[in-house]
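Position chains F and W relative to chain D; hints supplied.
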Amino acid sequence: MEITRAKLGAPAVEGGGEEFRIQGQRARDMLRGDLTDAELEAYVEERVLTTTLDKVTAWAQGNSMFPATFGLACCAIEMMSLPGARLDIGRFGFEAFRASPRQADMLILSGRVSIKMAPIVRRIYDQMLEPRWAISMGACCSSMGVFNNYAIVPADKFMPIDVHVPGCPPRPEALAHAILKLRSKVQGHPPRGWRERYEAVGTEEVVGAADRPGVNAINVFQSGETQGA
Amino acid sequence: MSTGISDYRRREESTSYSAEPAGMGLEQEMMTVNMGPHHPSTHGVLRLILTLEGEIVRDIKPIIGYVHTGIEKTAEQKAYWKVIPVVERMDYLSYYFNAYAFCGAVEKLLEVDVPKRAQYLRVIHMELNRIMSHLVWLGTSCIDLGAIGMWWYAFREREQVLDLFEMSSGQRMHTRYFQVGGVIEDIPSGWARRVKQFTKTMRERSQQYSALLDKNEIFLQRMRHTGVVDERTLIDLGVTGPLLRAAGNPWDLRKADPYCSYEDFRFRIPVGTTGDNYDRYRVRHAEILESCEIIDQAIDGLPEGPHITEDRKVALPPRHELATSMEALIHHFKLVTEGFRVPPGEVYNAIESPRGELGCFVRSDGSSKPARVHMRDPSFVNLQATAPATRDTYIADLVATLAMLDPVLGGVDR
Amino acid sequence: MPDATGLELIAQGLRDRHPDAVLDTLHFRGEATISVASAHVRDVLLALREQGYSFLASLHGVDYYPDEPRLSVHWQLLDMSAVDRICVKVRLPLDDAHVDSVVDIWPGANHPEREVYDMFGIVFDGHPDLRRILMPEDYEGHPQRRDFPVGGEPVIFTYNEDKIPGWTQ
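Residue numbers (my numbering), protein chains in the order written: chain D, 1 to 229; chain F, 1 to 414; chain W, 1 to 169.
To be clear, the hints were calculated from the coordinates, so they are not data collected in a lab.
These numbers come from a predicted model, not from an experiment.
For each residue, glycine too, the CB sits at the ideal point set by N, CA and C.
Just to be clear, a hint being listed does not mean it is correct.
In silico BS3-like pairs for lysine-lysine, Cα to Cα no more than 27 Å straight-line [claimed, not checked]: (1) W:LYS89 <-> F:LYS78; (2) F:LYS78 <-> D:LYS157; (3) W:LYS163 <-> D:LYS157.
To give an idea of the chain D side of the interface with chain W (calculated C-beta under 8 Å), a few residues [claimed, not checked]: (4) LYS116; (5) SER143; (6) MET144; (7) TYR150; (8) PRO154; (9) ASP156.
In isolation and in its complexed conformation, chain D is listed as follows (with noise of 0.2 Å):
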């Protein structure tokens, strides 16, 4: 999937006070039993699936994600000790480590990633199946850390990553509520206010239009909506 970046358009509901007028009177058709056949489907299909079957598709992806079985360095022992009986990160679902790019959800970078390590680690983002998040651990994979040289590259280099986790490393607690961020991103609520605090309004990454023709797709979710879903 290409992306691109690129500064958003037009605002996404053009002309909202209208467009939830009308929306409100085809309600109360529906209700009253008015709606026919085709315009009922519509009307489900716009309702239903589109928003409620997204929300229920991200609640329950939020709730479940599968991490994979991939540790670095240093941060791979603090991830470890996640599922661990201190602070069994299965209490929100997110225990089910899999060895598997292809059965994992979620990727979690612990660790620094050297040169010789960065194609591989890109190849095992790329087999994992979309939807699928990434979060990287610690201050090596962020920015680098303390070893700023010849070997080390960050993590946005050659992967987009949706958590930073800032430490070295960062304690399992660090790591838990990076995933409870992950967890709210996805379910829709995405944290606001840091890109107006970086001045980085309309920085978001837009799926490129061969993707999903016709919809300017953001990855930033709106409510009710998840990337691929």
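Just chains F and W now, with coordinates in the frame of chain D:
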């Protein structure tokens, strides 16, 4: 029982994979299989190229470098006391040992005397670290053997050790507690009592581990008589640590060449007999208990006194002096901005890490940055024992042997 | 560690067998070091091995930039029965960085020699499989030489992610 197992293995090999199988005229073709670097049982990002004949491993080539971080190069760019956190991240399960190997080498160059209390505190932390490292090894190896239950118990105790580290130094991993000349801070009150409590529970828990594993038939069948390497081969390969001790050689630098007041403590060195995987497991398991012994003795005999050297050229002055003494302020400023200068020369400081001889070579050119730092990491050398340990065994035994060799890839690649 | 006298005795023994092998001896901070000529490395190491220093503890390269000859290889030998260490080192010029391999004496020198080759570009003659070990096989340069830049990249934050090439470009 034991001979039965080995006989079975030999019989299997001789019937299925002999050069001329009876009647069939079957020709076995060698198959080359890639294992890793993303593989759950390679303990990191080790990559192995296996040449298989059926299920028998005929040749094995480790390919490493997937977490090469350039730490030795980075260390050359930093002042001596900023190198400590960098080298700690090499072998990420034995960070206290990495820090001590480097600090000890610099202390040797500077000819600084470390106070007795600091030495004891170092010993306590290093032995706690050894327990922690062996616990991670035990947990992850048992996952590889299919016994995930053991992992929960091992990581439960690991969290207790990390709590102690957090209490004394503020961090769980990579604590940067050791300084050139001593330790950065004295232990908080109540810490010694909690350490004693921990060693008490650890002893009980290690009994429970024995109860879980030592009589487990599956565990024993996968451990006994697999991955055998004799002592001579190991020494030629440069292998040290629990692997060498499991083969019957009681070489332990803590006893042979005591450093950091290890001569004050009474402890035994566990030694194996045959050098198979079971011996490696037993040796490490017994080392956990011996570490508890050392910790108890060090806590009981913890001397009073300063926790870091009084040499103000090397160690930061205490905080309260900064308000009253101009000299202390100057020293503080010089140390923080520039660091201390080290007389030119080269030293090699070897200590016993959980995986073997951890040597740190430091070359100083007289400036405040080291001209060369090299870590002789035991995992890097021990990894070469993979091929002799697994040649002509089953591929299933390869995973068990690799788990028992306990390479830490951060230390291998540095 | 052999004391200063013991080191001289060892060096004298080596000189008797190989007259121009030992260049210098150094006793520093209790550690004994013998500098040898690069042509006689194997002879010296074999002789020391016979004397009991039979464990190759460490093998590493050093770059003495800007001194000449620049490169160097150190062998840390250990006598396990006497608990004695000795360091053998050889200096090699940059344009002729060749030294004999000791893999046939100590099989454990295999990985360390490959590491020194990878990081410093010192060629070990007679090594069975001298390839890069830590860096990718197509990497150019020897990173741990002193004149090799440390490298590093600008860190991508949100405010500068469109200026620095990331995964999207």
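Using 8 Å as the Cβ threshold, decide whether LYS116 (chain D) counts as touching chain W.
Where the cut-off is 8 Å and the nearest Cβ of chain W is about 5 Å from LYS116 (chain D), the hint holds.
For a C-alpha distance cap of 27 Å, please report whether LYS163 (chain W) and LYS157 (chain D) respect it.
holds, 12 Å
Status of the ASP156 (chain D) interface restraint (C-beta, 8 Å, chain W)
holds, 4 Å
Quick one, are LYS89 (chain W) and LYS78 (chain F) close enough, alpha carbons at most 27 Å?
Given that 27 Å is the threshold and the Cα spacing comes to 26 Å, the pair holds.
Does TYR150 (chain D) meet its interface restraint, that is, does its C-beta lie within less than 8 Å of any C-beta in chain W?
Result: holds, 3 Å to nearest chain W Cβ.
Does the alpha-carbon distance linking LYS78 (chain F) and LYS157 (chain D) stay inside the 27 Å limit?
Distance of about 26 Å is within 27 Å: holds.
Is the shortest C-beta separation between MET144 (chain D) and chain W less than 8 Å?
holds, 7 Å
Restraint satisfaction for PRO154 (chain D) [CB to CB of chain W, less than 8 Å]
Because about 6 Å separates PRO154 (chain D) from the closest Cβ in chain W, which is inside the 8 Å limit, the hint holds.
Given a cut of 8 Å on the nearest C-beta pair, is the interface hint for SER143 (chain D) held or broken against chain W?
holds, 4 Å
Violated hints: none; the structure is consistent with every hint.
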